[in-house]
Amino acid sequence: MIELRHVQKHFGDLHVLKDINLKVEKGEVVVLIGPSGSGKSTLCRTINRLETIDSGEILIDGKPLPQEGKELAATRAEIGMVFQSFNLFAHKTILDNVTMGPVEVLHRDRKEAEAEAMELLRRVGVAEQAKKVPAQLSGGQQQRVAIARSLAMHPKAMLFDEPTSALDPEMINEVLDVMVGLAREGMTMVVVTHEMSFARRVSDRVEFMADGQILEEGDPNEFFDHPKTERAREFLESIKGH
Amino acid sequence: MRDALFEAPGPKTKRKILVGTIISSIAIAAILVWVVLRLYQMGQFDASYWYFFGQWSTWRFLLQGLAGTAEVAVTAGVIALALGILFMFGRISKNRVVSGIFRVIINFFRGIPSLLLIYFFFLVIPSYGIKMPAFWMLTLPISLTASGVLAEVFRAGVNAVPKGQREAALSLGMTEGKVLRKIILPQAIRYVIPSLISQLVVVVKDTSVAYVVSFPDLLQNARVLISNYDSLVSVYFVVAIIYILINYAINELAVRMARQSGTKVVTRAQENPV
Ligand SMILES: Nc1ncnc2c1ncn2[C@@H]1O[C@H](COP(=O)(O)OP(=O)(O)OP(=O)(O)O)[C@@H](O)[C@H]1O
Ligand SMILES: [Mg+2]
Chain A
121 MIELRHVQKH FGDLHVLKDI NLKVEKGEVV VLIGPSGSGK STLCRTINRL ETIDSGEILI
181 DGKPLPQEGK ELAATRAEIG MVFQSFNLFA HKTILDNVTM GPVEVLHRDR KEAEAEAMEL
241 LRRVGVAEQA KKVPAQLSGG QQQRVAIARS LAMHPKAMLF DEPTSALDPE MINEVLDVMV
301 GLAREGMTMV VVTHEMSFAR RVSDRVEFMA DGQILEEGDP NEFFDHPKTE RAREFLESIK
361 GH
Chain B
32 MRDALFEAPG PKTKRKILVG TIISSIAIAA ILVWVVLRLY QMGQFDASYW YFFGQWSTWR
92 FLLQGLAGTA EVAVTAGVIA LALGILFMFG RISKNRVVSG IFRVIINFFR GIPSLLLIYF
152 FFLVIPSYGI KMPAFWMLTL PISLTASGVL AEVFRAGVNA VPKGQREAAL SLGMTEGKVL
212 RKIILPQAIR YVIPSLISQL VVVVKDTSVA YVVSFPDLLQ NARVLISNYD SLVSVYFVVA
272 IIYILINYAI NELAVRMARQ SGTKVVTRAQ ENPV
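One line per chain: the protein sequences are A and B, in this order.
Using the working numbering, you'd call the opening residue of the first sequence number 121 and step up by one each time.
Using the working numbering, you'd call the opening residue of the second sequence number 32 and step up by one each time.
The hints are simulated quantities; they were obtained by calculation from the structure and are not laboratory data.
Small disclaimer: the values here were computed from a predicted structure and weren't measured.
Incorrect hints may have been included.
[Stated by the list, open to error] Here are the computed lysine to any residue pairs in the SDA-like style, where the Cα-Cα straight-line distance is at most 25 Å: (1) A/Lys276 x A/Gly157; (2) A/Lys190 x B/Thr206; (3) B/Lys209 x A/Ala210; (4) A/Lys348 x A/Asp139.
Extracted from the complex, chain A is given alone in its bound form:
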């Protein structure tokens, strides 16, 4: 479903992605993990071309990711993205945030879109907040709305870039629960996260990144219990403290 082949990227002199190869099958949940600055966000963002790449190939359903215009927009519409900082549209109500995509991009009927949006908001547990604006919601609620906003587009796959890192500890689980639900329903997911419990419970594979490279990949339990590389061992030690 998502495939990266020999992807290279620089930010100026900084080589952020070094020959990245990654394949995510339909229905798979892949967790990207690694130290800060290792290129996880950048990798995640190249998949819907929020970051461009220098060389290599990105394939979505076997077709090259379009580089611009309507084709790129159409591909992005099929891939959901959830950000660390939620990025809900600040000038729109919660309900409008969720209907924005279906109405503006898919040209769906507003009434229908609203009915479905309410359904989604109920599913993520924030239906009572529908008439508020994002600033009135807690971080956990905002992130659940952001997930609902993505789901309203009926995406083929979803990207999550540290969806719980900006949240207070007591709100992390409410967001993770929604994500676990999605994973169990068979959503294809690429998730940048340090939440080991999530990785162990639902991920099919963990990719360990350091210095722009994927150093290690494999079964989550295997990776967390018996990391093969020294870098991974050090890294896992450092996050256990939390």
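Could you slot chain B with the ligands onto chain A? The hints should help.
Then chain B with the ligands, alone, in the frame of chain A:
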């Protein structure tokens, strides 16, 4: 209101502020007394300079002028808003040539005094045989100079919208144009409402050069009164008060709207960070 730039004053500073306040108050009072005294000595309080303000016809004439001022200010304001947004779009274009051209246009209109542009419309354009009513010879130059400023105000607003808003919209599959129209611009405009309104004040003040093209605005009609009644000081005094009240009302509106929108506000000082 607490000024965020300064610490709360300590006892020493408080004493200094007190002394400063007393001295400056005395100075201001002295100047006022002197001015009033001089005016009195010159006979400016003589009834002959003031009696016509008791007549409805005087006020009707001033109100007609005020209507002219309002007509020019509102028309110029609307045109300037539209052009300002248009120029801003050109300025933020990814096409270097387009962006460069609009940069020049914006800086030209932003830099040129509106009076100079009015002379151009009044003296140069008619010499090429293009006829234009006085209203437009006044309104167009004022619109153009304001639009240059507004383009930069809008651009500051657009830059102030967090980039995550754009990324989230792109991720939903919106095209760049749609992102700009539906997500960025509505937020940008909210940020800059106070700056827009201060620019409206400038537009109102700019209309006061209407006499150049003999358009009957408030000040032009005031000048007619002055020559009719031979009473410069009293008329200018009344007209100045009217201008101040109008602009004060506009500013109050700005403050009110800024509070109401409750969002981050970009002030004039931040317009041009480069
Ligand atoms: N737009 C940019 N311009 C220049 N350098 C950037 C840019 N974005 C990221 N970088 C750099 O690229 C490197 C990888 O960044 P990235 O955000 O992908 O790391 P990350 O693994 O997601 O880290 P974190 O866990 O802190 O989010 C970092 O060194 C970062 O400073
Ligand atoms: Mg990151």
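We went through each hint and held it up to the structure:
no.: 1; hint: A/Lys276 x A/Gly157; verdict: 28 Å, violated
no.: 2; hint: A/Lys190 x B/Thr206; verdict: 7 Å, holds
no.: 3; hint: B/Lys209 x A/Ala210; verdict: 16 Å, holds
no.: 4; hint: A/Lys348 x A/Asp139; verdict: 20 Å, holds
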